[in-house]
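Novice: Protein chains in written order, with numbering that gives the first Met the number 0: chain A, 0 to 329; chain B, 0 to 329; chain C, 0 to 329; chain D, 0 to 329; chain E, 0 to 329; chain F, 0 to 329.
Worth flagging that the hints you see were computed from the coordinates, not collected in a lab. Treat the hints loosely; a few may be bogus.
It does not matter which identical chain is meant; a pair holds if it fits inside one copy or across any two.
[Said to hold, decoys possible] List time: in silico DSS-like cross-link candidates among lysine-lysine, alpha-carbon distance up to 27 angstroms:
#1 LYS12 to LYS44
#2 LYS152 to LYS3
#3 LYS153 to LYS130
#4 LYS286 to LYS93
#5 LYS316 to LYS216
#6 LYS216 to LYS93
#7 LYS9 to LYS135
#8 LYS135 to LYS147
#9 LYS216 to LYS245
#10 LYS3 to LYS316
#11 LYS316 to LYS152
#12 LYS153 to LYS245
#13 LYS135 to LYS153
#14 LYS130 to LYS29
#15 LYS206 to LYS130
#16 LYS316 to LYS245
#17 LYS29 to LYS12
#18 LYS135 to LYS23
#19 LYS105 to LYS130
#20 LYS93 to LYS130
There are 6 protein chains.
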Amino acid sequence: MEKKGPFTCKELKSMTPGTQVWGKFLILEKNQRRSKDGREIINLKIGDASDEIDVVVWDNCSITGELENGTLIGLLGDMGNYNNRAQVTARRIKVLDEDITPYIKKPDIDIDSLIIEFREMMAAISDPYIKALLEKIFTEETREEFFKSTAAKKVHHNYPGGLLEHTISVTRLCRDAAVNYPMVNQDLLLAGALLHDIGKMDEYEMKVVADYTVEGKLVGHIILGVERINTAINDIRRESGEFPVKLELMIKHMILSHHGSLEFGSPVIPLFPEAFLLHMMDNLDAKMFVFCNKVNDEDGDEHFTNYDNFFGQQFFKYRYTLDEEETGCL
Amino acid sequence: MEKKGPFTCKELKSMTPGTQVWGKFLILEKNQRRSKDGREIINLKIGDASDEIDVVVWDNCSITGELENGTLIGLLGDMGNYNNRAQVTARRIKVLDEDITPYIKKPDIDIDSLIIEFREMMAAISDPYIKALLEKIFTEETREEFFKSTAAKKVHHNYPGGLLEHTISVTRLCRDAAVNYPMVNQDLLLAGALLHDIGKMDEYEMKVVADYTVEGKLVGHIILGVERINTAINDIRRESGEFPVKLELMIKHMILSHHGSLEFGSPVIPLFPEAFLLHMMDNLDAKMFVFCNKVNDEDGDEHFTNYDNFFGQQFFKYRYTLDEEETGCL
Amino acid sequence: MEKKGPFTCKELKSMTPGTQVWGKFLILEKNQRRSKDGREIINLKIGDASDEIDVVVWDNCSITGELENGTLIGLLGDMGNYNNRAQVTARRIKVLDEDITPYIKKPDIDIDSLIIEFREMMAAISDPYIKALLEKIFTEETREEFFKSTAAKKVHHNYPGGLLEHTISVTRLCRDAAVNYPMVNQDLLLAGALLHDIGKMDEYEMKVVADYTVEGKLVGHIILGVERINTAINDIRRESGEFPVKLELMIKHMILSHHGSLEFGSPVIPLFPEAFLLHMMDNLDAKMFVFCNKVNDEDGDEHFTNYDNFFGQQFFKYRYTLDEEETGCL
Amino acid sequence: MEKKGPFTCKELKSMTPGTQVWGKFLILEKNQRRSKDGREIINLKIGDASDEIDVVVWDNCSITGELENGTLIGLLGDMGNYNNRAQVTARRIKVLDEDITPYIKKPDIDIDSLIIEFREMMAAISDPYIKALLEKIFTEETREEFFKSTAAKKVHHNYPGGLLEHTISVTRLCRDAAVNYPMVNQDLLLAGALLHDIGKMDEYEMKVVADYTVEGKLVGHIILGVERINTAINDIRRESGEFPVKLELMIKHMILSHHGSLEFGSPVIPLFPEAFLLHMMDNLDAKMFVFCNKVNDEDGDEHFTNYDNFFGQQFFKYRYTLDEEETGCL
Amino acid sequence: MEKKGPFTCKELKSMTPGTQVWGKFLILEKNQRRSKDGREIINLKIGDASDEIDVVVWDNCSITGELENGTLIGLLGDMGNYNNRAQVTARRIKVLDEDITPYIKKPDIDIDSLIIEFREMMAAISDPYIKALLEKIFTEETREEFFKSTAAKKVHHNYPGGLLEHTISVTRLCRDAAVNYPMVNQDLLLAGALLHDIGKMDEYEMKVVADYTVEGKLVGHIILGVERINTAINDIRRESGEFPVKLELMIKHMILSHHGSLEFGSPVIPLFPEAFLLHMMDNLDAKMFVFCNKVNDEDGDEHFTNYDNFFGQQFFKYRYTLDEEETGCL
Amino acid sequence: MEKKGPFTCKELKSMTPGTQVWGKFLILEKNQRRSKDGREIINLKIGDASDEIDVVVWDNCSITGELENGTLIGLLGDMGNYNNRAQVTARRIKVLDEDITPYIKKPDIDIDSLIIEFREMMAAISDPYIKALLEKIFTEETREEFFKSTAAKKVHHNYPGGLLEHTISVTRLCRDAAVNYPMVNQDLLLAGALLHDIGKMDEYEMKVVADYTVEGKLVGHIILGVERINTAINDIRRESGEFPVKLELMIKHMILSHHGSLEFGSPVIPLFPEAFLLHMMDNLDAKMFVFCNKVNDEDGDEHFTNYDNFFGQQFFKYRYTLDEEETGCL
């Protein structure tokens, strides 16, 4: 352990309890309480681009500035362990007035290359009505916000850029799979894929961590997405006078049905090939995100993660590769 | 059997096989086929305001005019019975050029009194925003169409005026039940009740019998209803500049959640008291319609109807009343 | 915070950690344990007519008398907070020998007015058999106990008088809704509503808090209710010789089917209109109790309660009223 | 085909279409209708102790006497086949005035030996309270009726004596299995087993075929059984003054919980070992009845029966025995 | 209708009732029965590479040869219609002794190009253990049988070559999607995809139509597939002494889990990324086959197919394309 | 409390907090963490043949030797209580080098008598093929391992010898129940019963406590059992050339279907009587194990255990016996 810091959250998690550590982190959650023997305690969840970790702040910690969600801090403390989870006991905290961007979680993939791919996908559409709709929705202003949105509060792609990353991935999967089914209308499919989660821009507020908006909970991103499409088509009709009615219904149907079944929140189920393909690929990409991340889980034993209550299963972490030597019994 | 005709469908159903019958009826469904021995057969389902019945037309029947769905006919034939269901064998059919209105199924309750009650309910709302929204949606033109709409293709209130009848009933139930829960906002509740099935105007086409529209199947009446509310609120905001955002979300939420759970097609579940009350009363009224009609079912035995596959149960037809004499064993 | 006490539980919950507090409360639950460093700790749940709160008693607390469930105590302590829930750290506790009645949770509505309404409902029944049955069951002695019973251990109407409150509410809802369905036999419906939860008198023991009896768990209130009806009808038949058999079966059926489906513990499902209406109104009243209480929940954020595991949802706490100013964006 | 008749139903089913046949049978169901070309048709289901078969009666059939459910007839006709099911076309039918007993379906096992076994089981109980309860319920009169009752309308043990056969089998299974679990109270278990379906005496009316009674459908055999136990215990208490309360609750619980889960109509689930064991053995015996009968099904192919909608599966009919020669591939 | 024949099944289905028709077809199913008036009737289902159709054979039809499943016949008859389905009434049938190959249903895609693609996929695998396993399983002899196998009895890819077509399609989908998830081991994934339904070779017997084998029903294709892998790995280990144990378990796991959940027959659920991806793509390809075929369904109306009981939905048949003119309302 | 030790785990659980205790125990689980005030803490779960208990080890405890899972220790400490569960605070721990066998949990029944019964069951089989298969599988070596295996990780029979105990019990239950169903092939049934959980030998690793193997989780004991049967039948065929194919399929089917339904992990459901009987008895024995143990649960109140999340129910602990005095009200 030559390196003396600063450390990232990911590095902290693998350090020996007792080690002194320091670094710069964002406050993601803050809770205050009093210990059984009457001392003031603050529990923080802090994070950076690499990971998240818990911090406990006792009343003997020196604090400079106001601790609030979304604040960037410099932290000095000791690595510890509480209920088998890594935890830092803070000694000194200082609120920093720096650009927080480098500390926010990001897609693995470079955002700029995703934006280029997004533009190429838009350009690949030849149907003039579909093209017009996408242009009307993805104005420069909307794009800017879209590229910074999250695809979820938890579970998958839950960081700025996550919505773009997920959208590009689903669109790619749809485009490539469609080659197997010549009947599929590629332009219609691409439109559905690019627009399927557009309502998530209204479902979440992106501060430092995503949170549901009131309309996100009362109305939901599926209907919010349809409302954006409604507005755009109304504008097109008002301006140029033309948008095919059945195309309108089919695109709305693809948004409405993309969760695949009523019990997962789609008020209608997919009724034509493009809608079904979109639903499957949305589901695939969200779950593959989880599967691929679980492989690196520190919890669990050598071979399996702990049981995950949300997914109702464990995950197998072992990766078979050729240089594997073992050929005997386990 | 003094009366020699014309007979209503309801009367036909209770007549002895072999009797000669006649009357005026609407054609509700028509299917043509060839019998095993090569003869042309036409199967009709006909109906009037009282009920529906099956007709078989052999190639020796004299037919004047073109038999089509929605056509009014004069029919002379013989009562028969096929697979234990009443059926008329046609001898003579003549297409009539008369007003079909008297032959279309109607609510049990007088439509005009329902319309008066509808107006009173509208008048009872004092919140200006809610009042404005309802006025904007229920224009004279829309009311005219609304009063003729159906609440379903099958199952319950499936005839012109059925949507009004169901809407009034649900609104009454909500209004009366709310007295038990002082916290409930009556204006909000009434708005939700009056608007909850407004999307059914777009879900069905009302010819002589209701049929789904393409948007009814691809989008569904729940979302279609929200779109009508969107349009109205946009108009209000454009014209007068004001409509509370949270009120908008709550009314949309009431429409979206009125089926009560995801598996019944609501993309969100009821999250506040008015939304939950509306859901329960909608469900109650639809099913009470069925329970009350089942009591008069001719099928089944003295005490129970046949098993109904849609509802997954039999119904008990016996009605206890005081003049009941029996006090011994069954 | 001029007022210096005594405080109610509800008041305690809104006080600043660190404040000294005092008041009179009932002990609802008591658990003893030893802390990690070997000190004796007692955890209490205390309550009064307003609410419930947790208390921690360390070994340095001065205690006079024996702490037991159902005991009334005078308590002096400091407000604190543990795992984000309000908690009192006790300094002095004294067991009091006073009437505990004022400290027991009650219906919001005045019990006496409920009793008057109960009598009116009984008086409104004109069918002599049904009247006789209700009189036989609701003897003076039974009424006295019935008026003090609870409708549940947790969840809804879980306090003395709760069974009466729930019964009156369901009966009112049934009576008012029945106006929409002329076929419904009002006397039969009222009988079912007044009797539907009568078995809960045997299902729970009402000490200070409700607890299940052995027959409550082995047999259940639905069957226990039918047994009370059996006994009453046997008595009527023995005394006067007459009670219609089908009426007996229909009333039993209404009790047995009022949970609406097998998976909710009804061995038969509702088969006639009165039974179905009763089931729906029972369900409505139980859940509206929860919805209306959740609006005042202190947990959660400004708009939504925390996720409730029992109901599988969050609740929207915001109440729209006319004096609402906001019309802009959220 | 030397034998010229009379034939049993079972024999008819294996005869070549076109053969002339005759025999004596009971009418189990009768339906009348008119054919498409106007001829009167009667469809009968007839049966005897061996099996059931369909009969079609055209208007050219000679009929002596009144054809009604439960009537014994002499029938002459021709074997045929309709929709792949064996069917007799009647030529001559004569109503007979003979004892119908030999023609009613019976258990495979001799009823008298079952009755002896029932008595031995009763005698094996040593607990005086349990013994008293069983004696009080199984009076001579009740036994007589019990020995003639059916265990079901369809599916399993659906014939006079079937209830006894099923009860004995379940009691035997319970008794033998209990040896593995020393903690089990054998007397309590036997009581539960002997009484578990006693309510079926009230659920069905046994004419020639079983039919539901009104209380069977409105109340159900589980509650009807508990009512018989109530009556008996009340009598015991009135006469001798003593019956342990917890024993009463446990026996009722065993009856109430013997379907094992709420969705199969038990209002409570088994909570102690004897109740659980009884539930499992009741389920086992009912389904083994079906499995063993399915092996002889004529429908389906060499190895498998047709798909059975009620059980949601096919059944494998092949029986492996030692003299099996095949050892190669299938 | 210049063309006078021979006609294909597909052509027959669109012809006017009454037209005389002829052609060569395979007998797929045969049932014999007697009509109500005593005449012998044979019902056939016949088919060719294009489609299937029903035939009714009355006793006045001239028949040369023995009618049996799988026989090729020349048929002359009249087009008719029974219960709204096209049906041929046979006049003359002659059993033919010709090669039946041209009359058997085939994949849309050319089998030879599929075989070439299969070889390329095999060649693309570089991991020596995985390559060895695939070579061991896909011997020349197995390939020959594999290329002629069906992927199902009904529902999807249910014809010779269907298993190959489905396998190639799933493998393609997996390979292309994996590009999005760099962590995925392509060789492992391809092995799983190529082998996932290998057990179907043992589950079905391919005569003219597929039928389940006894092991298909008692053991199932998932386990039968694992047994083929077991045999191959045992052979490899016996011959060369080496196969990595974890690789063995992972490949077996992919076969076992490819139905995705226990209720669809997988005894384990997918636990690592390759297994999950394979499951999703298998599901996608099977259902896209259905969606794409449904678009051409003759049943239903202009926009929607009839309700499909197996899939629990209707399908939208309209295909949006650019030359679509309509822009007004529906 | 005369006795001064050594104590068993069972004895510890009933001792007063504060008492000094000592004894010899196995370490079953070990977790290390740091307390909030920075002290090192070790949490142990220890056990012996009688029960299990928690131990907390503070940094002031004297420890001799290395604490590891499976180690036998001598422990001196004080009884305490944490979160209402008994817990020992360790003062002195010494690792012991003794035979651990006496401290491992065992079946209640003597293993040797189970082994004798196992041999008798094997000897009772007369069918030569079935006998040969059992002999081939249960070699001396396999038996030795089989007799030491566990039937589960948790829930039931989860200790060395548990698999034998469960297997014998299921086989006995099957054998005795089969007497009621003469059609059942006893040899086939016994083979299925003796082999049904044979795959559990591969599913678990038995160290001191059972743990899943990788193949246990990726493949599962049901398939692992079929693989053992495959191997044995292959050996038999190679050596003697003969084993009936259908018998092979039926035995595999019994193993595969013994969980009874797809959602419980059987890829096929029982299709013949022996398979169904085996499934029911396996289920019965596993659950009776739980029911009988729950009666002795210390948790819960006088009559009922606490709610068990795994089984979704409480259990009634009261055992009715004749010397019961109570006859009044509860």
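Novice: Which of the numbered hints above does this structure break?
Specialist: 2, 3, 4, 6, 7, 10, 13, 14, 15, 18, 19, 20
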